[in-house]
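Protein chains in written order, with our numbering: chain A, 1 to 102; chain B, 1 to 491; chain C, 1 to 488.
Calculated from the structure, these hints are not laboratory results.
Where hints are given, some of them may not hold.
Now the stretches of chain C that chain B is said to cover, found in silico as 3 or more residues with beta-carbon under 8 Å [unchecked claim]:
1) 79 to 88
2) 327 to 337
3) 379 to 391
For lysine to aspartate or glutamate, the following EDC-like pairs were computed, each having C-alpha atoms within a straight-line distance of at most 16 Å [to be verified]:
4) C/Lys134 - A/Asp97
5) C/Lys310 - C/Glu117
6) A/Lys12 - A/Glu25
7) A/Lys12 - C/Asp278
8) A/Lys11 - C/Asp278
9) C/Lys57 - A/Glu88
10) B/Lys357 - A/Glu41
11) C/Lys477 - C/Asp390
12) C/Lys220 - C/Asp262
13) B/Lys384 - A/Asp47
14) B/Lys424 - B/Glu358
15) C/Lys134 - A/Asp86
16) A/Lys91 - B/Glu345
17) C/Lys456 - C/Asp426
18) B/Lys357 - A/Glu25
19) C/Lys134 - A/Glu88
20) C/Lys57 - A/Asp66
21) A/Lys91 - B/Asp338
22) A/Lys42 - B/Asp338
23) B/Lys357 - A/Asp20
24) B/Lys384 - A/Glu41
What you are looking at is a predicted structure, and each value in this text was computed from that prediction instead of being measured.
Note that beta-carbon positions come from the ideal geometry of N, C-alpha and C, so glycine has one too.
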Amino acid sequence: MSEKIDQAQVKKVAMLSRLDLTDSEVAEFTTQLSAILEYVEKMNTLDTENVQPLAHCLPITNCFRDDVVKESLGTEKVLANAPQRDEEFFKVPKILDDNSGA
Amino acid sequence: MPNDLLNMDCKQLREQIAAGKVKSVEATQAVFKSIEKNDSKIGAYISTFKEQALAKAKEIDDKIAAGESVGFLAGVPVAVKDNMCTTFGATTCASKILENFHAPYNATVVEKLLAADAVIIGKTNMDEFAMGSSTENSGLKKTVNPWDASRVPGGSSGGSTAAVAGRLCFAALGSDTGGSIRQPASFCGVVGLKPTYGRVSRYGLVAFGSSLDQIGPVTHTVTDAALMMNVIAGHDVADSTSVDEQNAPVCDYLENIDKPIEKLKIAVVPEFNAGADEPVQKALSDAIEVYKKLGAEIVEVHMPHWDYAIAAYYMIATAEASSNLARYDGVHYGHRTDNPGDYVEVYTKSRAEGFGKEVKRRIMLGTYALSSGYYDAYYLKSLKVRNLIRGDFTSAFEKCDCVITPVAPTTAFKAGEKTDDPLKMYLSDIYTISANLAGIPGISVPCGFDENNLPIGLQILAPAFAEDKLLRIARMFEKQTDWHTNRATID
Amino acid sequence: MTSDISYKVIVGLEIHVQLCTQTKMFCGCALQFGAQPNSRVCPVCLGMPGVLPVMNKHAYEYSVLVGLALNCKVAGFTKWDRKSYYYPDLPKNYQISQYDLPLSENGFIEIPLESGETKRIRITRAHLEEDAGKNLHTAGNFSQVDLNRTGTPLLEIVTEPDMSSGAEVKALAVELQRMVRYLGVSEADMQKGHMRFEPNINLVITKGGKEHKTAIVEVKNLNSFRALERSVDYEVQRQLDEFIDSGKVMEMGNKSTRGWDDDKQMTVLQRVKEEAHDYRYFPDPDLLPVELDDAWLEQIKSQLCELPIKKQIRYVSEYKLSDYDAGVLTADRSTAEFFEEAVKAGGDPKRVCNLITQVGLKLANEAGCGIAELSLTAENMSELAKMIDDGQVSASAGNTILEQMTKTDKAAQVIAEELNLIQKSDAGELEGIVEKVLAENPKAVEDVKSGGKKSKKAQGFLLGQVIQKTKGQANPKVVSEILSKKLS
Chain A
1 MSEKIDQAQV
11 KKVAMLSRLD
21 LTDSEVAEFT
31 TQLSAILEYV
41 EKMNTLDTEN
51 VQPLAHCLPI
61 TNCFRDDVVK
71 ESLGTEKVLA
81 NAPQRDEEFF
91 KVPKILDDNS
101 GA
Chain B
1 MPNDLLNMDC
11 KQLREQIAAG
21 KVKSVEATQA
31 VFKSIEKNDS
41 KIGAYISTFK
51 EQALAKAKEI
61 DDKIAAGESV
71 GFLAGVPVAV
81 KDNMCTTFGA
91 TTCASKILEN
101 FHAPYNATVV
111 EKLLAADAVI
121 IGKTNMDEFA
131 MGSSTENSGL
141 KKTVNPWDAS
151 RVPGGSSGGS
161 TAAVAGRLCF
171 AALGSDTGGS
181 IRQPASFCGV
191 VGLKPTYGRV
201 SRYGLVAFGS
211 SLDQIGPVTH
221 TVTDAALMMN
231 VIAGHDVADS
241 TSVDEQNAPV
251 CDYLENIDKP
261 IEKLKIAVVP
271 EFNAGADEPV
281 QKALSDAIEV
291 YKKLGAEIVE
301 VHMPHWDYAI
311 AAYYMIATAE
321 ASSNLARYDG
331 VHYGHRTDNP
341 GDYVEVYTKS
351 RAEGFGKEVK
361 RRIMLGTYAL
371 SSGYYDAYYL
381 KSLKVRNLIR
391 GDFTSAFEKC
401 DCVITPVAPT
411 TAFKAGEKTD
421 DPLKMYLSDI
431 YTISANLAGI
441 PGISVPCGFD
451 ENNLPIGLQI
461 LAPAFAEDKL
471 LRIARMFEKQ
481 TDWHTNRATI
491 D
Chain C
1 MTSDISYKVI
11 VGLEIHVQLC
21 TQTKMFCGCA
31 LQFGAQPNSR
41 VCPVCLGMPG
51 VLPVMNKHAY
61 EYSVLVGLAL
71 NCKVAGFTKW
81 DRKSYYYPDL
91 PKNYQISQYD
101 LPLSENGFIE
111 IPLESGETKR
121 IRITRAHLEE
131 DAGKNLHTAG
141 NFSQVDLNRT
151 GTPLLEIVTE
161 PDMSSGAEVK
171 ALAVELQRMV
181 RYLGVSEADM
191 QKGHMRFEPN
201 INLVITKGGK
211 EHKTAIVEVK
221 NLNSFRALER
231 SVDYEVQRQL
241 DEFIDSGKVM
251 EMGNKSTRGW
261 DDDKQMTVLQ
271 RVKEEAHDYR
281 YFPDPDLLPV
291 ELDDAWLEQI
301 KSQLCELPIK
311 KQIRYVSEYK
321 LSDYDAGVLT
331 ADRSTAEFFE
341 EAVKAGGDPK
351 RVCNLITQVG
361 LKLANEAGCG
371 IAELSLTAEN
381 MSELAKMIDD
391 GQVSASAGNT
401 ILEQMTKTDK
411 AAQVIAEELN
421 LIQKSDAGEL
431 EGIVEKVLAE
441 NPKAVEDVKS
451 GGKKSKKAQG
461 FLLGQVIQKT
471 KGQANPKVVS
481 EILSKKLS
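Hey, can you work out the whole structure from these sequences and the hints?
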């Protein structure tokens with residue numbers, strides 16, 4: 001039986017999702033995601049050539065805010081839920097690569 | 001006496017409290033007594049706030065004694081699903097990853113409840129991040145159906161519906177992304193309304209599928225649902241997707257609630273009802289008879305694309321979820337793994353440890369649907385199918401005021417029955433999902449019981465922003481029947 | 001071996017410009033450089049569960065304004081997309097940006113070349129997005145995250161690969177800085193990271209009649225003009241050397257990322273994970289699309305001004321200023337506007353220019369402000385210019401007067417009189433003094449009259465004597481005329 005998605009793809013998607021999956025989870029998800037994707041294929045029987053994608057049901061546009069300052073939380077509240085902090089910063093293990101995207 | 005108290009609906013209780021005949025403190029104490037007695041069995045609540053609730057109740061009682069004006073929900077003990085942010089208690093989404101998360105702000109709906117003088121008594125269990133149809137995916141606790149403890153309450157707002165059905169509060173808020181208010185309402189024999197997308201602010205509702213999520217009330221009666229809508233509906237400047245008053249004015253949903261809709265035209269979708277269990281089909285046809293007797297005209301409509309709704313829904317909802325849940329990474333808040341090897345492991349391990357299996361599965365599915373090379377085939381295709389489904393409703397509503405369907409193909413199923421097969425679980429959302437894709441409102445009202453004395457729900461779907469009409473149509477049915485007066489007994 | 005090699009440099013540039021709105025792109029937190037870490041953060045920019053973004057109208061309008069200034073086609077309909085990647089300075093782990101429908105596309109910018117000509121560089125697109133926070137790596141064996149910058153409105157401008165040297169790339173950057181400052185949409189302060197550059201560089205090398213393309217290198221996150229120019233020049237040489245050494249050429253899609261090491265003045269290859277580039281863009285369901293109708297567009301258009309490069313060219317042709325002077329005057333909008341007002345009030349352009357460039361800007365610089373913020377009106381400036389040109393005061397006295405004008409509210413005339421700087425131009429009065437000087441210096445008079453080498457020097461000496469006798473107040477022009485008449 002050909003699966004819609006194989007274990008290598010599942011591992012790649014897990015990396016993109018930042019999920020450290022066990023081997024048994026990879027195996028399980030491979031089967032389950034394949035079944036779901038197989039089911040989803042039924043959409044391909046529909047001709048959607050001339051159909052616009054509908055990302056939003058709302059008939060509205062242009063929701064803006066005036067450029068007026070509102071109070072921030074304050075450093076202590078910002079860091080209150082932080083798993084680890086260093087002085088006024090969030091603390092993480094040393095970042096050695098540059099994967100910034102902006 | 002407390003038992004009588006607990007049998008009241010919100011509107012009655014509010015009237016009694018406002019008239020000074022019942023104290024909010026009494027009602028609140030009665031609710032906590034009920035929780036202390038029964039919630040160990042039902043498991044509806046993740047957290048409760050007894051002290052705070054009693055203090056608030058006292059405050060309302062004092063206000064009333066002093067002759068001050070009070071809000072729509074003055075002194076009424078209510079619960080909120082634990083995916084709505086509160087500055088009190090934790091906001092967990094029933095997930096280990098947020099188990100100790102304390103929000104620094106209140107969701108807009110929470111602010112509105114407080115402004116209406118409601119007494120918020122606790123936060124209810126749910127499927128983790130609202131992903132599920134049975135509340136079995138909660139990462140924190142188990143909730144059972146108050147009608148039968150061996151069965152699920154439905155989901156994902158199973159805690160809210162079990163709390164209302166089990167008389168552990170007078171009303172609750174749930175959230176509905178693909179049926180998460182309506183289906184558990186049906187399983188628990190209570191009323192559940194999913195408003196139009198954009199009717200109620202999502203600010204402070206922890207996002208699952210942002211273009212589908214909507215907060216709505218879970219109540220004993222349709223009238224209470226209208227009352228709750230009067231409190232929570234409306235534009236919010238903090239939510240760009242909440243519709244402004246100019247485009248869709250909010251009305252007083254209570255004002256005309258007892259006024260029937262004249263020349264009511266109800267549509268049914270015959271090809272779909274066949275998929276439901278026999279008792280569900282029977283209850284539906286009985287309901288149709290009730291409406292017929294009220295003079296309603298029944299028409300048949302076809303929804304050619306409904307069959308594709310589950311496929312489109314699970315791509316769109318999981319795609320959005322994969323992005324919405326990216327923020328739970330152990331860096332700024334929430335669970336962080338011990339001793340990560342590097343910063344990337346902070347992500348991969350914290351998330352692996354913090355998320356349950358269904359959440360992981362959906363994140364994986366959604367990430368795949370958005371990933372390079374698959375976007376067009378899965379995500380984009382789904383958005384197009386979504387448009388076709390909305391089109392089905394648009395044409396249907398040209399011929400009718402509302403569409404009625406079952407809420408779910410079955411009544412509450414046994415715990416563990418569907419947990420091994422995610423696809424099977426997804427397929428049970430067949431009747432509810434289309435409303436979320438089309439953004440229209442839908443309500444579940446009790447319409448019967450099966451042979452095991454398990455409640456059955458009737459779903460009524462109306463055009464966007466026609467909540468007023470929808471509630472009145474539902475109320476017409478409720479007035480003719482007494483299904484909603486039945487109460488679960490947990491011993 | 002290398003003598004038959006020629007090459008062409010191809011550079012495109014991606015520029016990020018922080019907009020100077022009061023608040024962030026999607027929340028009400030204030031933009032403030034140098035604030036206490038994590039003090040300008042709210043639930044929205046912290047990416048807390050349940051929060052939702054709401055667009056900042058100013059940020060949108062500023063971006064449209066830049067789009068117009070860049071001669072772009074401004075879109076009537078745009079939407080927002082999420083760009084997914086995980087990084088600690090990005091709390092939601094997606095950035096709200098614009099993917100397939102940017103708010104402006106297909107424009108161009110004119111940049112000044114050293115030759116005095118201008119060159120047109122095509123603009124691919126300019127879109128609005130939110131900035132990330134900052135990861136700091138200086139604390140020890142861990143990194144620190146500050147989210148104050150998170151959510152700052154950021155305009156991303158992408159050019160076509162139309163530049164062919166480090167100098168051109170720098171010229172574009174400088175021109176863009178001047179432009180956004182003119183428009184008032186960014187402080188464009190390099191030191192505060194308001195502008196960041198990422199050039200894409202490669203070469204087309206012709207060797208033995210055959211063309212070879214080197215692989216494209218993107219240099220990340222440059223935040224000074226100098227580093228930008230040098231990194232491009234460095235890359236050109238490095239890629240050329242690499243080609244000569246190894247013959248390495250571009251293969252399908254092999255683009256690499258390098259960083260700039262400012263200490264070593266060289267680019268360094270960066271390690272970037274392959275999978276990091278699947279950004280999984282999709283429309284952000286939390287935000288509504290933006291429709292820009294004609295009325296709104298017109299309203300934004302009305303905020304456009306004459307752009308610096310156009311001004312600079314006009315100053316050369318209309319006012320006959322040197323390209324250099326025109327560049328100095330148009331470096332910032334308030335100086336240019338001050339200059340134009342003074343000229344409009346009747347001051348000679350060249351004279352006003354000299355006053356501004358030789359004294360005014362120095363005084364402004366000392367005061368730490370712009371020339372228009374000194375207590376100095378354009379009318380007074382123009383009056384001073386006229387006084388100099390009329391010979392009422394000497395050019396050097398004019399400088400002294402200008403300095404005084406910035407310290408008091410007094411008009412040029414008043415200051416000149418108070419300081420006794422008005423030149424004596426009355427020919428009758430001066431003639432007496434000249435005659436006296438001639439009588440006292442027969443030797444010099446002799447020298448002038450004899451003509452030859454010493455003549456000019458002697459006449460200068462006599463002029464100096466007259467000026468000295470009048471304590472510097474004699475108008476040299478008038479004195480020279482009298483001297484010439486008497487000695488001829």
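Evaluation of the provided hints:
Look at the segment 79 to 88 of chain C against chain B: 4 of its residues bring a Cβ nearer than 8 Å to a Cβ of that chain, three or more, so the hint holds. With 0 residues carrying a beta carbon less than 8 Å from a beta carbon of chain B, the segment 327 to 337 of chain C misses the three-residue requirement, and the given coverage is violated. A count of 0 residues in the segment 379 to 391 of chain C with a Cβ less than 8 Å from any Cβ of chain B is obtained; the coverage claim is therefore unmet, three being the minimum. Of the pairs offered as hints, the one joining lysine 134 of chain C and aspartate 97 of chain A holds, with about 14 Å between alpha carbons and a cut-off of 16 Å not exceeded.
Using a Cα cut-off of 16 Å, the hinted pair lysine 310 of chain C and glutamate 117 of chain C holds, with the two alpha carbons roughly 12 Å apart. Restraint check: the Cα-Cα separation between lysine 12 of chain A and glutamate 25 of chain A comes to about 13 Å, which is no more than 16 Å; the hinted pair holds. At most 16 Å may separate the alpha-carbon atoms for a hinted pair to count; lysine 12 of chain A and aspartate 278 of chain C meet this at roughly 11 Å. About 15 Å separates the Cα atoms of lysine 11 of chain A and aspartate 278 of chain C, which keeps this hinted pair within 16 Å; it holds.
Straight-line distance between C-alpha atoms of lysine 57 of chain C and glutamate 88 of chain A comes to about 31 Å, which puts the hinted pair past the 16 Å bound. About 23 Å separates the Cα atoms of lysine 357 of chain B and glutamate 41 of chain A, which puts this hinted pair outside 16 Å; it is violated. Restraint check for lysine 477 of chain C and aspartate 390 of chain C: satisfied, since their Cα atoms lie roughly 11 Å apart, inside the 16 Å limit. For the suggested pair lysine 220 of chain C and aspartate 262 of chain C, the alpha carbons sit about 13 Å apart, so the restraint of at most 16 Å is met.
Of the supplied pair hints, the one linking lysine 384 of chain B and aspartate 47 of chain A holds, its CA atoms being roughly 10 Å apart against a limit of 16 Å. Simply put, lysine 424 of chain B and glutamate 358 of chain B have alpha-carbon atoms about 13 Å apart, close enough for the 16 Å limit, and the pair holds. As the CA atoms of lysine 134 of chain C and aspartate 86 of chain A are separated by approximately 14 Å, the hinted pair is consistent with the 16 Å bound. Pair hint lysine 91 of chain A plus glutamate 345 of chain B holds up; C-alpha atoms about 14 Å apart against a cutoff of 16 Å.
A threshold of 16 Å between alpha carbons decides the hint, and for lysine 456 of chain C with aspartate 426 of chain C the separation of about 24 Å lies outside it, so the pair is violated. In summary, the hint linking lysine 357 of chain B to glutamate 25 of chain A is supported, as the alpha carbons are separated by about 9 Å, within the 16 Å threshold. Taken as a hint, the lysine 134 of chain C and glutamate 88 of chain A pair is honoured in the structure, with Cα atoms around 13 Å apart against an allowance of 16 Å. Proposed proximity of lysine 57 of chain C and aspartate 66 of chain A is supported: the alpha carbons are some 6 Å apart, at most 16 Å.
With a CA separation close to 14 Å, the supplied pair lysine 91 of chain A and aspartate 338 of chain B stays within the 16 Å bound. Between lysine 42 of chain A and aspartate 338 of chain B, the direct Cα distance comes to roughly 44 Å. Violation of the 16 Å bound is thereby established for this hinted pair. The straight-line distance between the Cα atoms of lysine 357 of chain B and aspartate 20 of chain A is roughly 12 Å, inside the 16 Å bound, and the hint therefore holds. For a cut-off of 16 Å, the pair hint linking lysine 384 of chain B to glutamate 41 of chain A stands: about 14 Å separates their Cα positions.
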